[in-house]
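This is what each chain is made of:
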Amino acid sequence: MTTTTAKISVQGVTKTFDLGRETFTALDNVSLDIADHEFVTVVGPSGCGKSTLMNILAGLETPTSGRALVDGAPVSGPGPERGVIFQQYALFPWLTVRQNVEFGLRTTGVPKRERRSKAEYFIELVGLERFADALPKTLSGGMRQRCAIARAYAVDPSILLMDEPFGALDALTRVKLQEQLLHTWSRDKRTVLFITHDVDEAVFLANRVIVMAARPGRVYDVIDVDPATERNEDFRLSAQFADLRNRVWHSVYHQEGRTAVASVSPSASS
Amino acid sequence: MDPTPPQKEPPMSVLDKQGADRQDPVPDKTRGEPAGAGSTGSDEGGPKNTRGRQPAGRRGLFLALNGVSVLLGIGLWWVLADAGFTLPTPPQVVSRAGTLISNGTLAGDIRASLTRVLIGFALGTAAAVPVGFLMGWYDILRGLIEPWIQFFRTIPPLAIIPLAVVIMGIDETPKIFVIFLAAFLACVVATYQGVVNVDRTLINAARVLGAKDLTIFARVVVPASTPFILVGMRVGLGSAWATLVAAELIAAQKGLGYRIQNAQLYYDLPTIFVGLITIGILGLLMDRALLLAERRLTGWQERR
Ligand SMILES: Nc1ncnc2c1ncn2[C@@H]1O[C@H](COP(=O)(O)OP(=O)(O)O)[C@@H](O)[C@H]1O
Ligand SMILES: [Mg+2]
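Chains as they are written, first to last, in my numbering: chain A, -11 to 258; chain B, 852 to 1155.
Each hint should be verified, as a subset may be incorrect.
As the list claims (entries may be wrong) - Derived pair list, reagent style DSBU-like, types lysine-lysine, alpha-carbon separation capped at 35 Å: (1) A/177 with A/100; (2) A/106 with A/164; (3) A/164 with A/100; (4) B/1063 with A/177; (5) B/1063 with A/100; (6) A/177 with A/106; (7) A/106 with B/1063; (8) A/164 with A/177; (9) B/1063 with A/125.
As the list claims (entries may be wrong) - Residues of chain A placed beyond 10 Å of chain B at every Cβ, according to the derived structure: (10) 65; (11) 92; (12) 217; (13) 242.
Source of the hints: derived by calculation from the structure; they are not laboratory data.
C-beta atoms are modelled at their ideal positions from N, C-alpha and C, and glycine is treated no differently.
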């Protein structure tokens, strides 16, 4: 269980929130390992602790007990090796696209010229070069999220933590961004933890789908997806996809009477 | 050392007392695009339509209506004056204005009043912004400062004048002090509210991008609170202006308020009118100037 070689290792993490009279258990003894270069999706009903788990890995929250390791070291705050993408885009509205993308480069002290060219590169990567000097308020939801993705990429994290990044987008935009994300991932193979409430999205993107259950928040099921599968439209319409989708769907929507999975390790195939 | 990050919580009770605070400049925080309400179209096509300002034609009409309304008001005033109400006629007021301008009285009064209000306002704002930030950022300081602000906000600044005169004498100091107080109280609350309302997600976004407290403060909290601060400054300026004129009514040898008060002794209605109109115009101009600054500095906000 304590595979120190795992890129991300969550070990017996419990998180409770103090609600005055009572305490609320958002995560109950969650353990999971994610290997380097793995693309893991987490799906589960709202309130099952997905965001809490991600915030702990991002270093924005601390576990009540248990520990979270990244590259074998306990997480003790945010770090440049972990890029985070929020559902609400979280762009700084007073900064242009370019300034947003440069934000992380400035805080890490990258010299101006290098900052410029890096920002340029990532803005182009997400296809926003025509809007580099536009303010977020003039962008559509999809463009905002692409800007947020460019901003996260710019500091070159080896891990991407994405919390329902496409959840607020319409279906077509979502599919387009999923494909772009996979395309980038297939080249740079960053480790990705991708949270979603959309079963199709979870299956389409993942090497491994982790299903969580609520009250208390825990890992409920793990479904492997053959990493050799090519993620394209054929896959989306295939029987294999339908089958996986059914399994995940069932796990998410019919959770009664099953105990939590104690611990999750990377599948042998990945 | 460890600052308590601003928290989303209901504003302190005093904050919703004054109507002015209800001018809500909150930037839209969670404006996710709704997943195509009735539309299946992708939003990837191009930049979002930002809703434009009023079309030129409507704006022209609006200004024309403004002008008509002003002319009608002056006409009504004239009719009432002619009908025997105790009012000076517009020509009488204009001619008195001419006299007061040519003999330099008006300019001297304006200079005296503006100097007081600008000094008091500048000091009040300069003190309010850091205090408001500190209150929003450090719970301890808020606990220490808040009761005093609550208390002084319930006292009209004018009621402080007698005390200020006794303590500070009858020169400029007490007047500037009450203006300072008026501006400070309006602005400190707005600044505090701005800090408390900073979107947590933005602070988190900055943190995961490697920003430490000082950077977060300078590059997230300050810009995010600017809309609130500017609204506070406008409210503070209005309050300072009102306080100034009233302060001059009580104790001054110069200034627009003094001029009106003095004219009252001689039943000099035209001078009173010139004073009132000047006060109104100057107040309006200052407000417009701040509004312009506000537009400039907070144009990034999403407005519906
Ligand atoms: N700061 C907090 N204080 C109290 N309860 C919280 C806090 N953050 C999250 N929770 C609760 O923990 C549960 C899990 O939240 P979250 O991780 O956001 O769920 P998910 O992202 O899966 O929808 C929810 O019931 C939520 O109300
Ligand atoms: Mg969530």
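A quick look at each hint next to the structure:
Between residue 177 of chain A and residue 100 of chain A the CA atoms are separated by roughly 28 Å; this keeps the pair inside 35 Å, and the hint holds. For the proposed pair residue 106 of chain A and residue 164 of chain A, the alpha carbon gap of about 24 Å is at most 35 Å, so the pair holds. For the given pair, residue 164 of chain A sits about 32 Å from residue 100 of chain A by alpha-carbon distance, which is consistent with the 35 Å threshold. Between residue 1063 of chain B and residue 177 of chain A, the direct Cα distance comes to roughly 29 Å. Compliance with the 35 Å bound is thereby established for this hinted pair.
Straight-line distance between C-alpha atoms of residue 1063 of chain B and residue 100 of chain A comes to about 19 Å, which keeps the hinted pair within the 35 Å bound. The suggested pairing of residue 177 of chain A with residue 106 of chain A holds, with an alpha-carbon distance near 19 Å, which does not exceed 35 Å. Taken as a hint, the residue 106 of chain A and residue 1063 of chain B pair is honoured in the structure, with Cα atoms around 22 Å apart against an allowance of 35 Å. A C-alpha spacing of about 19 Å is found between residue 164 of chain A and residue 177 of chain A, which places the hinted pair at or below 35 Å, so the restraint holds.
Straight-line distance between C-alpha atoms of residue 1063 of chain B and residue 125 of chain A comes to about 26 Å, which keeps the hinted pair within the 35 Å bound. Remark: the non-interface label on residue 65 of chain A conflicts with the geometry, its nearest Cβ contact in chain B lying 8 Å away (cut-off 10 Å). The beta carbon of residue 92 of chain A is not kept farther than 10 Å from every beta carbon of chain B, the shortest such distance being approximately 4 Å. Residue 217 of chain A, annotated as away from the interface, keeps every beta carbon of chain B farther than 10 Å; the closest lies near 25 Å.
Every C-beta of chain B lies more than 10 Å from that of residue 242 of chain A, the closest at about 25 Å, which supports listing it as non-interface.
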